[in-house]
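Novice: Chain residues, written in single-letter form:
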Amino acid sequence: MKTLIKIAWRNIWRNKLRSSVVILSIILGIWAGLFIMAMTLGLNEQRINGAIDTYLSHIQIHHPGYLDDPNIKSTLSEVDKLEQVAGSIPEIKAYEKRILATGMANSAGGAYGVQIIGINPVNERNLTSIHQQLTEGSYFQKYKKNPVIIGKKLADKLHLKVRSKLVASIQNINNDIITSSFRVEGIFQTNNSVFDESSIFVREGDLRKITGLMAGYHEVAIRCKSIDQTDAVLARLQSEITRDKVEGWKDIAPELGYAQEMMSSMIYLFMGIVLLALAFSIINTMLMAVLERKKELGMLMAIGMNKWRIFSMITLETLFIAMIATPIGMLLSWGVIAYFQRHGIDLSMVAEGLSSLGVGSKIYTFLPTKEYWIITLMTLVVAFLSSLFPARRALKLRPTEAIST
Amino acid sequence: MAVITTKEITKIYRQGDIEVHALNGVSIQFEKGEFTAIVGPSGSGKTTLLNAIGGLDTPTSGSVVIDGQDITRLNSNELIDFRLNNIGFVFQAYNLIPVLTAEENVSFIMLLQGVPASKRKQRACRLLEEVGLSEQLSRRPAQLSGGQQQRVAVARALASKPKFVLADEPTANLDSKSTGNLLDIMAKLSQEEGMTFIFSTHDQRVIDRAKRIITLEDGKIISDVTV
Ligand SMILES: Nc1ncnc2c1ncn2[C@@H]1O[C@H](COP(=O)(O)OP(=O)(O)O)[C@@H](O)[C@H]1O
Ligand SMILES: [Mg+2]
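First to last, the protein sequences are chains A and B.
For the first sequence, my numbering begins at 1 and goes up steadily by one.
For the second sequence, my numbering begins at 1 and goes up steadily by one.
Excised from the complex, chain A in its bound form:
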């Protein structure tokens, strides 16, 4: 075996150019594949984190009918019990009770439907990061009367600036439309342009006065210490809270969860295609190497090298090529991915498009270590499988054909 390894290893370097080309193509294939994977996963992660930070949180609780029919009277039934249970779950970092209303925001620029979120500004900071994403103004600090924080997209559409007046028609508890005016105190910009266009924040007390809803809440948002704790906390809450609907972020925004699952299968499909292409390049090269050495292989069979050894020799040659290329490809990928994980890939040129996807103008690549191992293994398996075909071809050579001059 030692000699067979030596022969196989030296055989690779007989045609340096050809072997280098395959090695290089494996390296580039792995690199391109992993980089796309890391970009996709990073994008997805950012999309999810962005959504959680701006509006989703990890868990939300509503009146069972509220999300389908956002009636102002559909308030939560078990707020007290919920607060009690939430207080006893150490994984919960913070929770916030909100009231919600729907309305139309008007200005000289036009009228747009919006969701009005009534919050407790001090506590809300623990849940969402809107206060950190202000492009102008401040976060419920300046105005005594009816301050409002609105998204940049809406501000642009309505031609509003900080200190401008925003007029909104809001449905009150008696189903009447009440017109109220607010003062724009801050303008935020998240990665999600749809949210920026359709959500505005006001103080809970102000919204109560306008709508006449003196008690009750429409929504409780919960943030866990880490996203991974969501499922456990969710199960715990669901077992205790039965009359209100407790949902995790994947239930509330199923498109995010689907996207995550779909992207995972997509990247494996993509990697599969890359590996298939590599398989063809390996088969092609090794077949060439076998046919080029017809006479030599025939001579080896003639003097008594058995089929198993010939087969092993060709397979070893293929595996060596993969074993040279794979670690280099992995190291290169790891380096590049780590770099862009820290610095991000600036996509400001296409950022407009990305923003409607709910991510910023920079993509931070991300690839779990597990994936590197899986792809390494897959590459080696593919190389091995690719070697079977040329190795079989070598066995079909007949010593007489091969050595006849």
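Quick caveat, the hints were computed from the structure, so don't treat them as lab data.
The C-beta atom is built at its ideal place from N, Cα and C for all residues, glycine as well.
Certain hints may be false.
[Claimed, not checked] With a cut-off of at most 25 Å between alpha-carbon atoms, the simulated DSS-like pairs for lysine-lysine come out as follows:
hint: 1; chain 1: A; residue 1: Lys142; chain 2: A; residue 2: Lys157
hint: 2; chain 1: B; residue 1: Lys163; chain 2: A; residue 2: Lys2
hint: 3; chain 1: A; residue 1: Lys245; chain 2: A; residue 2: Lys225
hint: 4; chain 1: B; residue 1: Lys163; chain 2: A; residue 2: Lys144
hint: 5; chain 1: B; residue 1: Lys163; chain 2: A; residue 2: Lys6
hint: 6; chain 1: A; residue 1: Lys294; chain 2: A; residue 2: Lys396
hint: 7; chain 1: A; residue 1: Lys16; chain 2: A; residue 2: Lys2
hint: 8; chain 1: A; residue 1: Lys2; chain 2: B; residue 2: Lys161
hint: 9; chain 1: A; residue 1: Lys294; chain 2: A; residue 2: Lys93
hint: 10; chain 1: A; residue 1: Lys307; chain 2: B; residue 2: Lys211
hint: 11; chain 1: B; residue 1: Lys177; chain 2: A; residue 2: Lys307
hint: 12; chain 1: B; residue 1: Lys177; chain 2: B; residue 2: Lys121
hint: 13; chain 1: A; residue 1: Lys142; chain 2: A; residue 2: Lys97
hint: 14; chain 1: A; residue 1: Lys307; chain 2: B; residue 2: Lys163
[What the hints assert, rightly or not] Only some residues are given here: those of chain B computed to face chain A with a beta carbon under 7 Å:
hint: 15; residue: Ile12
hint: 16; residue: Tyr13
hint: 17; residue: Ile80
hint: 18; residue: Leu84
hint: 19; residue: Tyr94
hint: 20; residue: Met110
Go by the hints and put chain B with the ligands onto chain A.
Specialist: Here is chain B with the ligands on its own, set in the frame of chain A:
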């Protein structure tokens, strides 16, 4: 007792509708220690006969008995093992593994036989010394002349301790000096070790050195002379 006995071997190659009768009933015996040339014009069937005796190809009919065993009945895997342990080969070209040194090439066949490493090295060096290449042990084939490569091939053929050595036109690619040199070595080994050599050639200088000359024409033996 004869080392090799062939009985009425024929070989018919079919190419579409055309049949080529490369061998037409060849019956012949070779004794231990022979130094025999198979001669005849190109296409007379020399290579076909050597391939049949060497178990590289199976004749269409007839038998090839080596040491009491009819090798035409062996399957291709059994033949590989049979060749490894019983027959030494020297071809016209492409004899050596290009990525191995002269010594490694000679050792390689013993490795296939399962000879332990220390014995391999010792025997390879001794044989290479006998063919006059003790200075070239660690050269690769590309760094050796054509004549030197053929001498390595002879050393390799002997390394496996075969019953006989077959050489199909071993000097066809060599100049006359190298040809003489190679024949000197083969003749010496034949005498000193009692090794049986059977080679094909159409070079008169080579024929002159043979002890027995078998002449083929159209796949038949037309003369068999021992000098
Ligand atoms: N593989 C083959 N297919 C068809 N015909 C062959 C094949 N090998 C040899 N022949 C034919 O068999 C005859 C004998 O060939 P060969 O044994 O090579 O002769 P020599 O070695 O004396 O030149 C020739 O007519 C040759 O054309
Ligand atoms: Mg011939």
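Novice: If a hint holds in the structure, say so; if it doesn't, say that too.
Specialist: Against the structure, the hints:
1. Taking the CA atoms of Lys142(A) and Lys157(A), the gap is near 24 Å; set against the 25 Å cutoff, the hint holds.
2. As the CA atoms of Lys163(B) and Lys2(A) are separated by approximately 28 Å, the hinted pair breaks the 25 Å bound.
3. Note on Lys245(A) and Lys225(A): the hinted pairing holds, with a Cα-Cα distance of about 21 Å set against a maximum of 25 Å.
4. Between the alpha carbons of Lys163(B) and Lys144(A) the distance comes to roughly 111 Å, so the proposed pair goes past 25 Å and is violated.
5. Restraint check for Lys163(B) and Lys6(A): not satisfied, since their Cα atoms lie roughly 30 Å apart, outside the 25 Å limit.
6. Between Lys294(A) and Lys396(A), the direct Cα distance comes to roughly 10 Å. Compliance with the 25 Å bound is thereby established for this hinted pair.
7. Under the criterion of a C-alpha separation no larger than 25 Å, the hint pairing Lys16(A) with Lys2(A) is consistent with the structure, at around 22 Å.
8. Restraint check: the Cα-Cα separation between Lys2(A) and Lys161(B) comes to about 23 Å, which is no more than 25 Å; the hinted pair holds.
9. Annotation: proposed proximity of Lys294(A) to Lys93(A) is violated, straight-line Cα distance about 70 Å (limit 25 Å).
10. At most 25 Å may separate the alpha-carbon atoms for a hinted pair to count; Lys307(A) and Lys211(B) exceed this at roughly 37 Å.
11. Between the alpha carbons of Lys177(B) and Lys307(A) the distance comes to roughly 38 Å, so the proposed pair goes past 25 Å and is violated.
12. Distance hint between Lys177(B) and Lys121(B) is unfulfilled; the C-alpha atoms sit about 29 Å from each other, more than 25 Å.
13. As the CA atoms of Lys142(A) and Lys97(A) are separated by approximately 23 Å, the hinted pair is consistent with the 25 Å bound.
14. This hinted pair checks out: Lys307(A) and Lys163(B) have alpha carbons roughly 23 Å apart, not beyond 25 Å.
15. Hint status for Ile12(B) relative to chain A: violated, with the closest Cβ pair at about 15 Å, above 7 Å.
16. Because the smallest distance between the Cβ of Tyr13(B) and any Cβ of chain A comes to about 11 Å, over 7 Å, the interface hint for this residue is violated.
17. The closest approach between the C-beta of Ile80(B) and any C-beta of chain A is roughly 5 Å, which is under the 7 Å cut-off, so the hint is satisfied.
18. Nearest Cβ of chain A to the Cβ of Leu84(B): about 3 Å, under the 7 Å cut. The hint holds.
19. Residue-level restraint check for Tyr94(B) holds (minimum Cβ-Cβ distance to chain A is 4 Å; threshold 7 Å).
20. Interface restraint check for Met110(B): the shortest CB-CB distance to chain A comes to about 11 Å, outside 7 Å, so the restraint is violated.
Checked against the numbered hints listed earlier, the structure breaks hints 2, 4, 5, 9, 10, 11, 12, 15, 16 and 20; every other hint is satisfied.
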